[in-house]
Amino acid sequence: MCPPVQMESNERALLNGMSPLLSLLIIGSLHLASTERPMKKTLVFPVATDTSYVELMPQKDLSIASFTLCMQLATELAKGKREIILFAYRTEQFDELNVWRESDGTYQMFMQSSKNGVSFNLPELNTIQTHLCLTWESQTGMAAFYVNGKRSLRKLYKMGHRVLPGGRVILGQDPDSLLGNFDINQSFVGEITDVNMWDYVLSTAMIRDLNDGKWVPRGNIFDWETINMKLNGNVTLFSEDL
Amino acid sequence: MCPPVQMESNERALLNGMSPLLSLLIIGSLHLASTERPMKKTLVFPVATDTSYVELMPQKDLSIASFTLCMQLATELAKGKREIILFAYRTEQFDELNVWRESDGTYQMFMQSSKNGVSFNLPELNTIQTHLCLTWESQTGMAAFYVNGKRSLRKLYKMGHRVLPGGRVILGQDPDSLLGNFDINQSFVGEITDVNMWDYVLSTAMIRDLNDGKWVPRGNIFDWETINMKLNGNVTLFSEDL
Amino acid sequence: MCPPVQMESNERALLNGMSPLLSLLIIGSLHLASTERPMKKTLVFPVATDTSYVELMPQKDLSIASFTLCMQLATELAKGKREIILFAYRTEQFDELNVWRESDGTYQMFMQSSKNGVSFNLPELNTIQTHLCLTWESQTGMAAFYVNGKRSLRKLYKMGHRVLPGGRVILGQDPDSLLGNFDINQSFVGEITDVNMWDYVLSTAMIRDLNDGKWVPRGNIFDWETINMKLNGNVTLFSEDL
Numbered sequence: 001m002c003p004p005v006q007m008e009s010n011e012r013a014l015l016n017g018m019s020p021l022l023s024l025l026i027i028g029s030l031h032l033a034s035t036e037r038p039m040k041k042t043l044v045f046p047v048a049t050d051t052s053y054v055e056l057m058p059q060k061d062l063s064i065a066s067f068t069l070c071m072q073l074a075t076e077l078a079k080g081k082r083e084i085i086l087f088a089y090r091t092e093q094f095d096e097l098n099v100w101r102e103s104d105g106t107y108q109m110f111m112q113s114s115k116n117g118v119s120f121n122l123p124e125l126n127t128i129q130t131h132l133c134l135t136w137e138s139q140t141g142m143a144a145f146y147v148n149g150k151r152s153l154r155k156l157y158k159m160g161h162r163v164l165p166g167g168r169v170i171l172g173q174d175p176d177s178l179l180g181n182f183d184i185n186q187s188f189v190g191e192i193t194d195v196n197m198w199d200y201v202l203s204t205a206m207i208r209d210l211n212d213g214k215w216v217p218r219g220n221i222f223d224w225e226t227i228n229m230k231l232n233g234n235v236t237l238f239s240e241d242l
Numbered sequence: 001m002c003p004p005v006q007m008e009s010n011e012r013a014l015l016n017g018m019s020p021l022l023s024l025l026i027i028g029s030l031h032l033a034s035t036e037r038p039m040k041k042t043l044v045f046p047v048a049t050d051t052s053y054v055e056l057m058p059q060k061d062l063s064i065a066s067f068t069l070c071m072q073l074a075t076e077l078a079k080g081k082r083e084i085i086l087f088a089y090r091t092e093q094f095d096e097l098n099v100w101r102e103s104d105g106t107y108q109m110f111m112q113s114s115k116n117g118v119s120f121n122l123p124e125l126n127t128i129q130t131h132l133c134l135t136w137e138s139q140t141g142m143a144a145f146y147v148n149g150k151r152s153l154r155k156l157y158k159m160g161h162r163v164l165p166g167g168r169v170i171l172g173q174d175p176d177s178l179l180g181n182f183d184i185n186q187s188f189v190g191e192i193t194d195v196n197m198w199d200y201v202l203s204t205a206m207i208r209d210l211n212d213g214k215w216v217p218r219g220n221i222f223d224w225e226t227i228n229m230k231l232n233g234n235v236t237l238f239s240e241d242l
Numbered sequence: 001m002c003p004p005v006q007m008e009s010n011e012r013a014l015l016n017g018m019s020p021l022l023s024l025l026i027i028g029s030l031h032l033a034s035t036e037r038p039m040k041k042t043l044v045f046p047v048a049t050d051t052s053y054v055e056l057m058p059q060k061d062l063s064i065a066s067f068t069l070c071m072q073l074a075t076e077l078a079k080g081k082r083e084i085i086l087f088a089y090r091t092e093q094f095d096e097l098n099v100w101r102e103s104d105g106t107y108q109m110f111m112q113s114s115k116n117g118v119s120f121n122l123p124e125l126n127t128i129q130t131h132l133c134l135t136w137e138s139q140t141g142m143a144a145f146y147v148n149g150k151r152s153l154r155k156l157y158k159m160g161h162r163v164l165p166g167g168r169v170i171l172g173q174d175p176d177s178l179l180g181n182f183d184i185n186q187s188f189v190g191e192i193t194d195v196n197m198w199d200y201v202l203s204t205a206m207i208r209d210l211n212d213g214k215w216v217p218r219g220n221i222f223d224w225e226t227i228n229m230k231l232n233g234n235v236t237l238f239s240e241d242l
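Chains as they are written, first to last, in UniProt numbering: chain A, 1 to 242; chain B, 1 to 242; chain C, 1 to 242.
Check each hint, because a few of them may be wrong.
Note: identical chains are not told apart, hence a pair may lie in one copy or across any two.
[To be verified] DSSO-like cross-link-like pairs, simulated, lysine-lysine; straight-line CA separation at most 27 angstroms:
{"#": "1", "residue 1": "K79", "residue 2": "K150"}
{"#": "2", "residue 1": "K81", "residue 2": "K115"}
{"#": "3", "residue 1": "K60", "residue 2": "K230"}
{"#": "4", "residue 1": "K150", "residue 2": "K214"}
{"#": "5", "residue 1": "K41", "residue 2": "K155"}
{"#": "6", "residue 1": "K158", "residue 2": "K60"}
In short, the hints are calculated from the structure, not lab data.
Start from the sequences and build out the full structure, keeping to the hints where you can.
Quick look at the structure:
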């Protein structure tokens, strides 16, 4: 949950010169900030930019041989328009772990490279929230996506590989250097919430439970309940009741 | 529920010179008319025309500053083929409130204009029934679609505007005058059921309940249980058990 | 359930020179073969070929005037790429009963012909399992698809027709003769499971129950629990826990 005080100052700052979508969302969060109900926080990227992004501070180094990464996404950028970066973990040298929605509507994961990713033909992203998870395990190289709790075909990718520490995780932009060299035509536009990451592979049953709002172990790399984020540029965090 | 007597006369009339789809549906309704089970009525537009439409008689004037409009839709007209009118409220002067599925698959709402609508990238319509709702509120201008109970991103549209009374509501055609000037290439082909409309914004939880078949307050503009309709041209109302 | 002994020999044979997807799945099944948990078997067609197919041995002749055919499908072959054969029942003379995903993403059923099928605009197949059923009844000619338990619009097709016995049922290829003349560009690539077929039309409620994993009468033409299959070429049967 984002602290109310910080939110209110964000809101005031943003009330000048913001987009219609943004102002709407802030009206919503102002209204809701006065209640005691359980709240859900969501990142809003209202327009395409090459400057706006959110850095996520992991609870531990991304020195990992397996992972589960989940998030909820909604976007107006339909298939056929352009590619969209969904998650970027970049070190000085490499795109260590990137997840993309390609312009043809497929999804792709890249490890330690921006070439030779592994591609999946999933249902299309749209303006309704999609619950997306991605699992990968070094020992077998097994990779799979989950959409709204249902698993994709599994594919082999980078068996024996290990994700290296020392980089930065951002949402909203694809960095071609550590935290820079962004391209507006790859930026994310829309809403992101429920970003969670584990350094192990959750079972299919757990990911179905997560999608259904049931209890699963909290993410030990990112836990959306307690996550530490740095917002940069035209991106805002709003809360609404569940 | 449509009255059995009227249905039977409809059916007999339509058994001459009707389309294969139509005849099938009538066979179904004849069979079902003899039972006591709870029935659901559905409008069938079997072919594209510039003459077939259904006028809906509202329970109160459409002089409204907010609304929720819901309907279930199924169509064989895939994205990429052509635009489809989903709902039209037309006064002498204006398209007061129109809802479209555009040819690129997006959805668009227009108020008091056929230009400058607000567009949403929703899941595609297809031959499986889609439960679609649209909410709008003048005070904030907030608009949102719901597909099968799940909300889209919200957008601002026509803040402070008011829908004016004195028009006519039709399904199946886009009127460029009060009840005329139809275009076959904009007509609806497929099935429409569960058309309900309220003069206020239902909560996300209520729209989820409506999609799940749970109780919500009945529409005070249109209530599909008791709605008064006038069928024109090659369109029929059939009933089947729930 | 495939017999464990046969599976293990399959697995050993396939560990030499197999595709990455295949090897992954075998690792999974080796692991699972040692448990006592309830298992689900799935056919995997890892790559496009004009040689790999699975023949299904029906419990009774396909001399039928109505049917329900169900299966679960997952594929990476997106719409726009090419057509895919989903089910083929071929006699010496005819394609008695074929089901296709066309290249434009629509689905088509053909009876006793490879022309003049009946077409449906359904949600797209993708790498997430889709539960697909198709019903047809000679008396009315009524045909309908069901996707994940939800019914399509109904259409009339081949009223009064009867499916003739004496042919062979295969998955994976479109035979232009009894069991031959395959075309690599029509082959199925992906996973198929839960193939069941009845010589009557299941109700909408039953098909919804089947999709929800509830009890329905077992298929009397094909019953996936006890089905007898012959695997040919690069196709494998693996089991995983439910």
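Structure-based check of all given hints:
Proximity of K79 to K150 under the C-alpha cut-off of 27 angstroms is found in both arrangements, the shortest distances being 21 angstroms within a copy and 20 angstroms between copies. In this assembly of identical chains, the alpha carbons of K81 and K115 lie at most 27 angstroms apart whether taken from the same copy (21 angstroms) or from different copies (22 angstroms). Proximity of K60 and K230 under a CA criterion of 27 angstroms is satisfied intra-copy only: 17 angstroms inside one chain copy versus 51 angstroms between copies. For the identical chains of this complex, K150 and K214 are neighbours both inside a copy (15 angstroms) and across copies (18 angstroms), given an alpha-carbon limit of 27 angstroms.
Taking the shortest alpha-carbon separations for K41 and K155, only the inter-copy value of 18 angstroms comes in at or below 27 angstroms, while the best intra-copy value is 33 angstroms. For a Cα distance limit of 27 angstroms, the shortest separation of K158 from K60 inside one copy, 22 angstroms, qualifies, whereas the shortest one across copies, 47 angstroms, does not.
Hint compliance for this structure: every hint is met.
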